[in-house]
Amino acid sequence: MNPQALMDGLITGAMIGLGAIGVTLTYSILRFANFAHGEFLSWGAYFALAVASALGAMSSALLAPIGPFSFGWALPIAAVVAVVLTGGLALLVDALLFGRLRDRKSTVIIMVMASFGAALTLRSLLEFIATSKPAYYTQALQIALPLGGGLRATPDQLLSLAVSAVLVVAVHQLLTRTAIGRSMRAVSENPQLAGVVGIEVRHVIRVVWLLGAALACVAGISAGLLVQIRPQMGLDLLLPLFAAAILGGIGSVPGAMLAGLIVGLAEAFAVQLIGAEWRAAIAFAILVLVLLLRPQGLFGRPE
Amino acid sequence: MSVELVGYACFFLTMALTYAIMCLGLNVQWGQTGLFNVGVAGFVAIGAYVSALLTTPDAANRLGGFDLPMPLGWLGGALAAGFVSFLVGALTIRLRADYLAIATFGVAVTVQLIALNAEPVTGGPFGIGFIPRPFASLAGDPLLFNLLNLAVLGVVVILLYLALERLVRSPWGRVLRAIREDEQAARALGKNATKFRLQAFAIGGGIMGLAGAAQAHFIGFIAPDNYMPMLTFQVWAMLIVGGSGNNRGAILGAVLVWAIWAGSAGLVADLFPAGQQARAASLQIVMIGVALCAILLLRPRGILGEERVVSRHLGKFVRTRPIAASESSKHANS
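Residue numbers (the working numbering), protein chains in the order written: chain A, -12 to 290; chain B, 20 to 353.
Any given hint could turn out to be false.
[To be verified] Simulated crosslink set (DMTMM-like; lysine to aspartate or glutamate; CA at most 25 Å straight-line):
| id | chain 1 | residue 1 | chain 2 | residue 2 |
| --- | --- | --- | --- | --- |
| 1 | A | 92 | A | 223 |
| 2 | A | 92 | B | 201 |
| 3 | A | 120 | B | 244 |
| 4 | A | 120 | A | 264 |
| 5 | A | 92 | B | 77 |
| 6 | B | 210 | B | 325 |
| 7 | A | 92 | B | 202 |
| 8 | B | 214 | B | 184 |
| 9 | B | 214 | B | 200 |
| 10 | A | 120 | A | 223 |
| 11 | A | 120 | B | 289 |
| 12 | A | 92 | B | 325 |
| 13 | B | 210 | B | 200 |
| 14 | A | 92 | B | 200 |
[As the list claims (entries may be wrong)] Among chain B residues calculated to face chain A with C-beta under 10 Å, some are:
| id | residue |
| --- | --- |
| 15 | 54 |
| 16 | 82 |
| 17 | 84 |
| 18 | 249 |
The set of hints was computed from the structure by calculation and includes no laboratory data.
Bear in mind that the values here come from a model prediction, so they are computed numbers and not experimental data.
Every residue, glycine too, gets a C-beta built ideally from N, C-alpha and C.
Please model the complete structure; the sequences and the hints are all you need to start from.
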């Protein structure tokens, strides 16, 4: 077996993990499976593309590659702007759709259906604006560096792994060590009781959307940087995101990241055996296995 | 001219009726039982492919066809889709409500993948052609041919409607509603909620398979592109517009949404230059998506809404009571 699959799996897995953290947070705190989460990845990637192109047009110095990486300062700056914009998009969708349904005390499944409608609307809108032609942040080619043990990775890939690791640790600290993190966990346990003890539930919900969208945006940018940017990228990642969130156990941030890596590695190794065209079925197989053997996931609590 | 117009009307209505069958299937799952299926396209595709494999003449480059009579193909398609629904349901129905949604989404993705990649069985991206059409011997007379095709589907829809209406009003249908409204009360009466839900999910999936088979034989050609997530979305929009929980609403919604869809497709073709049409087609999808969300927000009952009372025995006593109170509580418990 080609050891390079290990590296490929880790890199895809880190992207899936970042997205899955958002899914698992919305799932445990807002209590529904958000089918529109994948679209935050695509919109984030396109926001960054638009801002980076605008910056590049203003000053070509921003396009000169930084050190060993394939992109210039335009992309990191654009990434920060895109994180803010994606967060804004999530809040907008919540204000227009989910918030109203919540106020009306709609059932879980109505929320799921609404998220399904929102996903298709967002995706098609993106396709209308950007067309379905693939886009790239940079045309530069990168040589993969040997890392020993037969593994190779480009500097961009290593950077995206490092960024994911930092973000997971940061989110975990946020949830376990800060006041807002405690409030989030309280709302996820019992929203009514959390409201009674003076936790501002609306504020917590806003933070959940911002956090989930920001992580999705970063995952989308790294998927766009390492592969390509397409309006369908979020849809293609949706099943792996759900598989990882359920495998990790709904509500568990370290679980989502670990499960993301497992899904990514399983995809990378299975593709070697059965061919790349079956990649999308791997996540489904994992999902079925988890639901059969351990429906509460690795770190979840049984209901 | 008028013959052409009648021909087009027949074609349009026949297409709409195939969607009406899907809608009726979804209504059994969602409208009557409250089970959310995000993989409608997958179950429709299973029905279409199984029926095509069973009925096409022997082909050199893939498995089958077995050249069986058409009704056997339709039956096979429905049974296969029903069986897959049963498996998915058995896996997820006892778990959280949205796990079923995620699993059905996975089924749709996987079925799409199999249709695209398992070339020896499904013909791969080129799909399966030469699917026998009803009354193919009369194709020389387009008007008669179209009318007969429409009649076949009309009969199927009417029979299905009558059967489902009977089912809804049967003790079985009432148990389903009882479970949807208040699972604990139904269980206290000794009804096995999981078993009833599973039956409803499998029956609904089987009806979707039947719709796929009927559509495949009406068009005569199938390919993986016909079964994109878009299809799932259209069927959902049809049911929600018409009124979920109401079989007449399901049929009405199918015809109405299909008319809007076909009309807006014509508009896109007229208004946009050839190079921009693919782009403009995505606006069509945006429109349907916004409409679905708007209906969920503004008129969750749809045009016809659900019949509150289906029992013949209770009719006189309950119908006079105001139903507003039970309406608001309905969505709070299911």
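Against the structure, the hints:
1. A/92 to A/223: 31 Å, violated
2. A/92 to B/201: 16 Å, holds
3. A/120 to B/244: 18 Å, holds
4. A/120 to A/264: With a Cα-Cα distance of about 20 Å, the restraint between residue 120 of chain A and residue 264 of chain A holds, given a limit of 25 Å.
5. A/92 to B/77: 56 Å, violated
6. B/210 to B/325: 23 Å, holds
7. A/92 to B/202: This hinted pair holds, its Cα atoms lying about 18 Å apart.
8. B/214 to B/184: Roughly 21 Å between the alpha carbons, so the hint for residue 214 of chain B and residue 184 of chain B holds.
9. B/214 to B/200: Holds, at roughly 16 Å.
10. A/120 to A/223: Within the cut-off at roughly 16 Å; holds.
11. A/120 to B/289: 24 Å, holds
12. A/92 to B/325: Status holds; Cα separation ~20 Å.
13. B/210 to B/200: 13 Å, holds
14. A/92 to B/200: 15 Å, holds
15. 54: This interface hint holds because 8 Å falls under the 10 Å limit.
16. 82: 18 Å, violated
17. 84: Interface hint status for residue 84 of chain B: violated (24 Å vs cutoff 10 Å).
18. 249: 8 Å, holds
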